[in-house]
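The residues making up each chain are set out below.
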Amino acid sequence: MDRDSQSRVVARLRSAFRSGVTVPEQFRLTQLSNLLALVRENEQLILDAVHKDLAKPKFEAVLSEIDIVANELYHAIDNLSSWMQTNYVTKNLATKVDDAFVRWEPLGVVLIIGAWNYPLQVILIPLVGAIAAGNCAIVKPSEISTATESLLADLIPKYLSQDCYAVVRGGPEETKALLENRFDHIFYTGSQQVARKILQAASVHLTPVTLELGGKCPCLIYGRVNIATTARRLAWAKFFNTGQSCVAPDYVLCSPETRDALLPALRKVLEDFYSKEPQKSPDLGRIVSDGHWTRLVELLGKTRGKVVLGGENHQEDKYIAPTVVVDVEESDVLMEQEIFGPILPFLTITSLEEGIDFINRREKALALYVFSEESSVVTTVMENTSSGGFCSNDGIIHMCLPTLPFGGVGASGFGCYHGHWSFETFSHRRGCLLRGWALERINGLRYPPYREDSLSWLRWTVSGKKTSCTLM
Amino acid sequence: MSSPPSPSPNRWFKALRRTRLGEPCLKTYPLECVELLKRARAAFQAGRTAKEGFRLAQLEAVVRMLVEHECDFVDALGRDLHKPRFETVVSELILVKNEALHAINNLKKWMQPQHVERNLSTTLDECLVVNEPLGVVLIMGTWCSPVQLCLVPLVGAIAAGNCAMINPPEYTSHTAELLHRLIPSYLDNECFHVIVTGTNDLAQIVGLKFEHVFFIGNREEAGRVAQAAALTLTPVTLVLGGKNPCYVDQQCDITTTAQRIAWARFHNAGQSAVAPDYILCHVDVKERLVQALKCCLMQFYGSDPRESRSFGRMVNLETFNRTRDLLWRSGKVAVGGQVIEAEKYIAPTILTEVVESDPIMQHEVFGPVLPILTVKNVDEAVAFINKQEKPLCVYAYSSNSKVISRLMSETSSGSFCSNDSILQSLMVVLPFGGVGASGMGSYHGRYSFDTFSHRKSCLLRGTRFECVTYLRYPPYEDRNLSLMTWASTLSQKSQGWCQIL
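Here the protein sequences come in this chain order: G and F. Under our numbering, the first residue of the first sequence is numbered 81, with each subsequent residue one higher. Under our numbering, the first residue of the second sequence is numbered 37, with each subsequent residue one higher.
Just so you know, not all the hints are guaranteed correct.
To be verified - Quick list of in silico lysine-lysine cross-link-like pairs, DSBU-like style, CA-CA up to 35 Å: (1) 171(G) - 438(F); (2) 438(F) - 382(G); (3) 423(F) - 238(G).
Claimed, not checked - With the C-beta cut set under 10 Å, the calculated list includes, among others, these residues of chain F facing chain G: (4) 120; (5) 154; (6) 162; (7) 163; (8) 298; (9) 344; (10) 345; (11) 467; (12) 476; (13) 500; (14) 513.
No lab work stands behind these hints: they were computed from the structure. Since the model is a prediction, treat every value here as computed from it, not as a measurement. From the three backbone atoms N, C-alpha and C, an ideal C-beta is built for every residue, glycine too.
So here's chain G without its partners, still in its complex pose:
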């Protein structure tokens, strides 16, 4: 779509928003129900598209693209009424006879930019929030997951109001042009590099932005550990979607003894999961593109660690076996950037403090994992490190609960969403005070000409008892 067409789309959505059509609860509910129908009625098409883009196994696609979105929709539909309620606040002495409350208001026209690893989920879940909050929205799916991009461009206009919601397609150039338009909020899932460009474009219009970035999510395994369960859950979290998840455990920190106990368990688990020939397993996905495949294979070539499990790869198929690399040092090439693939490096530590220091030396990631039977270990790590989210004795699933905010901190982004948090992200919280004409005598204390006695009066009301109060 060229620049002019894009501007026309934005203008159309803006005038739809101005008309107030997206504000009433009924409209929002209808659109949310329509979106639910889109997901439910086109399951096969969706599965085919994500399979084309990522060779995503049907099971994974149903869970991570269809069910999770459907669940968000049910949650939003069930709770929209209560989300939209005004929140009354406690009043002080001066405002006892007034009404003080917080209203949730839509922002206007928002832009949602998606990523290729969960192409449907990272577009549709924010869209649920945008619709629920009463906005119009432009959605720009990732151009790398082309089949899903086409599908969304086809289906969204069929199910949602075309005046209020639109899909814009294109690569970096088109996105740059799109960002020249003014939006009331931009929601971006992707990489740090692109995030900077988006923030710069947004700063021209002073548009607020939510950034969902990634990072190297550390996985600390320490103390008394249930080896079998840990191996299974770790492998599941790492190799789901072929490791291409922003919340996948990126690398493991553990003691040499733990590592030695885990490796055979991991070998067994990988065989259970994908059989002895993972390339033939229908349950293992593929790397999204040649570029990413090459990047990962080069990492395997350059690492100074030792490949103990997997390592096989096939270019034409964009296949990389679930791979475990040990004896990895902090300076290794595998520790430079987010791996985003089915390669799991193991680094060794000799104490919990060493592990925590290691983590704290690095940028804050989107997620942090600890596997341990000892709750003191879990608590220590949780309280002494920072990350977007935290999960003990499992991976990824903390982002599946809609009541938990999902977002980053520091280098992994800012803002959050899911459930009610999405609604908040796409809303403006407006403080409102409705006064009457009464109590003008008390009010009068604040007027000029200023007198010492009025000042004493006002001051008296805030002194003593360490309680705050304003009589202004």
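Starting from the known structure of chain G, arrange chain F on it as the hints suggest.
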């Protein structure tokens, strides 16, 4: 010939910059800022600010500082803005004290993790949201209320467990100098620093990399802050100005309306981001409103406001000139209009016969000038307001609750107040901030705490109950999938959410 050893660069430059008037001209240079930032970061990483006891002690110290140095603050603001003592105490000091006391009383509660509702598969797990401090934050206040606008965010930053660099505005140099002198005597010297820089250094300071930048000021500077923050992926809160419309309906208590509007507009000599910027007056009551305002001004400031000790001055010549120009080139002076450059004095002024294209309607009025436009009805008022950028506040004066309701629901702004002005921005329990062109993010009370915190989701599982989790592992079987999808439709309200992963 040997030259005497030169003093350290800082002292050298400070000496050079003492102006002819002998007034101190304090400035912290970027290199020094880097040093201070390093110290603050080290203190944060050592966990100094984490404990509740520490945070409480710092908050109490803020309160003490305001109480013990009330005279100094009154003096500094008097010199910077000719701010009457009453206004300083009420709108600067008491306000910050309130926020600090509110934080002290609620800190324990705010620091508690929140447990969230769980689904079927996480019933046995602990699911909570933990509030974490961000790190070192930067707070940049603006000159119209320099104490309040620096210290209220600081209260939030302290409560949330952060270290902070405070950058008071350079225009109000006495206040900046006072804060620079006092804060080290009350707050932890490693965690909190006051830096005084010019607006030219804005981008450079932001570029030093903070975990959050809190900026109050004008749009142009905000753009530069946002640009610099973009490069370091730093989240920002921007509280900007805007032209706050004030609708006066034909059904209202004119006397009280005039009093409340006049107070809001002319305190601090009109230099307030939350004052009503212009009036949209119903044509039927315009004359009465102007008359009532005239009476009010007489009541407040006497026949010659220049003599009144309750009326302030413009902060500097630049603001004075700008406001004077707007005044001279717009509408007709109905009340006031006198200006005295030597004193940076502009009389409380009401302008009538103002039209939309007048210069005063193109810029935020940051001075004691109140333009009045007339409208025929509420529809016209709403349409006019919606044509402009979203302001910080929308005000409406009417006895008719339907009119109030319309003004509130058909416009958008940072905040809204009916039948009064400014108060909604002083309440500790209401979020205060802008939207659209008037900014992003909010603060005050709990909202300050949230602004300077990271809400970390935590899911704490055990390893004992693998029986349900097994459904999700490969090799994938459609049978398991159906089970999981079926279980998804089991919960709340027959269509609820549930994941058995």
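Going through the hints against the structure:
With a CA separation close to 23 Å, the supplied pair residue 171(G) and residue 438(F) stays within the 35 Å bound. A threshold of 35 Å between alpha carbons decides the hint, and for residue 438(F) with residue 382(G) the separation of about 71 Å lies outside it, so the pair is violated. For the given pair, residue 423(F) sits about 33 Å from residue 238(G) by alpha-carbon distance, which is consistent with the 35 Å threshold. For residue 120(F), the shortest C-beta to C-beta distance to chain G is roughly 6 Å, which falls under 10 Å, so the interface hint holds.
Given hint, residue 154(F) at the interface with chain G, holds; its Cβ is 7 Å from that chain's nearest Cβ, closer than 10 Å. Here the hint on residue 162(F) is kept, as its CB sits about 9 Å from the closest CB of chain G, short of 10 Å. Evaluation of the residue 163(F) hint against chain G yields a held restraint, the C-beta minimum of about 6 Å falling below 10 Å. Proximity of residue 298(F) to chain G holds as hinted, the smallest CB-CB distance being about 8 Å (cut-off 10 Å).
Given the 10 Å rule on beta carbons, the hint for residue 344(F) holds: about 7 Å separates it from the nearest Cβ of chain G. Given hint, residue 345(F) at the interface with chain G, holds; its Cβ is 7 Å from that chain's nearest Cβ, closer than 10 Å. Of the supplied interface hints, the one on residue 467(F) holds, with its beta-carbon coming within about 5 Å of a beta-carbon of chain G, less than 10 Å. For the restraint placing residue 476(F) at the interface with chain G, the shortest Cβ-Cβ distance is roughly 4 Å, inside the 10 Å limit, so the hint holds.
Contact between residue 500(F) and chain G, as hinted, is supported at the beta carbon level, the nearest pair being about 8 Å apart and thus within 10 Å. Using the Cβ-Cβ criterion of 10 Å, the hint placing residue 513(F) at the interface with chain G is satisfied: the shortest such distance is roughly 8 Å.
Violated hint for the displayed structure: number 2, the only one.
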